[in-house]
Each structure stands twice: as C-alpha cells, then as structure tokens.
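Undergrad: Protein chains in written order, with numbering that gives the first Met the number 0: chain E, 0 to 79; chain L, 0 to 79.
Hints are supplied without guarantee of correctness; some may be wrong.
The list makes no distinction among identical chains, and a pair is therefore deemed to hold if it is satisfied within one copy or across any two copies.
To be verified - Straight-line Cα separation of at most 20 Å, EDC-like style, residue types lysine to aspartate or glutamate; simulated pairs:
| id | residue 1 | residue 2 |
| --- | --- | --- |
| 1 | Lys59 | Asp15 |
| 2 | Lys51 | Glu72 |
| 3 | Lys40 | Glu22 |
| 4 | Lys40 | Glu72 |
| 5 | Lys40 | Asp50 |
| 6 | Lys10 | Glu22 |
Since the hints were derived computationally from the structure, they do not count as laboratory data.
If you want the building blocks of each chain, they are given just below.
Number of protein chains: 2
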Amino acid sequence: MIKARVTVTLKNGVLDPQGKAIEHALGGLGFGGVGQVRQGKVFDIELDSTDKAQAEIDLKAMCDKLLANTVIENYSVSFV
Amino acid sequence: MIKARVTVTLKNGVLDPQGKAIEHALGGLGFGGVGQVRQGKVFDIELDSTDKAQAEIDLKAMCDKLLANTVIENYSVSFV
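Isolated chain E (complex conformation) (with noise of 0.2 Å):
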C-alpha cells in the first residue's frame, strides 16, 4: 500500500479571503510580524498499488480531474 500526500494551494495572485482572515485574525490574538498568509488544501490518500512510479502517473490525473481547479491552483504529490 501506497501512502501519499497531495498539497493544493492557490496559485500566486489569486486572491484569498480566507488567508487575509486568517492573518488578521493572528494580528489580533497579538501575534505580531505575520507576514502573508495563504490557505490550501492536503489529501492523504492510500493506493491498494506498490508501483510509486504509477501512482504518481494516477495520483496527477486525479488532482486535474477533481482535487484541484488547475486555473488558480497549484498540487504537488509526495509520498509518506
């Protein structure tokens, strides 16, 4: 069994509320110095395969089809 790990994140300049939330909100627990702060997304996915080198071929295809909106996001796949 395969365990692998799949990171979207928005791509640069596209706009995230949710990220500009969250860094004000940091600014008013105290926390001061925080700089830019961009939310995203992690998949753990297990794969009934022993074949890294396919699974990644898969794992790509799925992140186009489903997991990431590729027109303002980024994935990278790794494996755990």
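Using the hints provided, position chain L relative to the given structure of chain E.
TA: Coordinates of chain L only, in the frame set by chain E:
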C-alpha cells in the same frame, strides 16, 4: 523573513465525511484501488523574523489558539 507551512489533519478515529465523499467520487471517476482518503488544511505563513526557534514556538501557539482544533486535529510545522 521566514516562510513556514502548517499542516492540520484530522486525528485518527475522527470521522471525515469530506474525505469519504472524495473517496467515492474518485471511484466513480474510474480510479481503482483508492483506499482511505482524509482531507486536511495547509497554511503558508510568512513571518517577519529570522529566529526559527522563536518562530516555531509562535507558530505552535497560533495552531493551539486559532489554526487547529486540538480536540480533533493534529498539526505539524515545517519551514520552506
């Protein structure tokens, strides 16, 4: 400036209906051999500081106070 990545994931045993929905959707799209899927959050945070040790302490405090619900979620801090 320090760039940090905070990853917040559900603890084991906590139900994740969103992950389950993704699991089923991937099956419906024809991706076979997909086991458990768990969804989490990722925060990319910039800090105006150069002291990584202090930054790690601050980031953990941010997680405890705002970013994670430590009753049901784990978090990890890494620097990029």
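Undergrad: When no copy is specified for Lys40 and Glu22, does a C-alpha distance of 20 Å or less occur within a copy, between copies, both, or neither?
TA: both (17 Å within a copy, 15 Å between copies)
Undergrad: One pair to classify: Lys40 and Glu72, alpha carbons no more than 20 Å apart. Within, between, both, or neither?
TA: both (10 Å within a copy, 14 Å between copies)
Undergrad: Give the relationship of Lys59 and Asp15 under a CA distance limit of 20 Å: within one copy only, between copies only, both, or neither.
TA: The answer is neither: 24 Å in one copy and 23 Å across copies each exceed 20 Å.
Undergrad: At most 20 Å between CA atoms: does that hold for Lys40 and Asp50 within a copy, between copies, both, or neither?
TA: The answer is neither: 25 Å in one copy and 27 Å across copies each exceed 20 Å.
Undergrad: Regarding Lys51 and Glu72, is the shortest C-alpha distance of 20 Å or less found within a copy, between copies, in both, or in neither?
TA: Cα proximity of Lys51 and Glu72: none, with 24 Å in one copy and 28 Å across.
Undergrad: Go through the copies and call it for Lys10 and Glu22: within, between, both or neither, with a Cα cutoff of 20 Å.
TA: within (18 Å within a copy, 25 Å between copies)
Figure legend: structure checked against the earlier numbered hints; hints not met, in rising order: 1, 2, 5.
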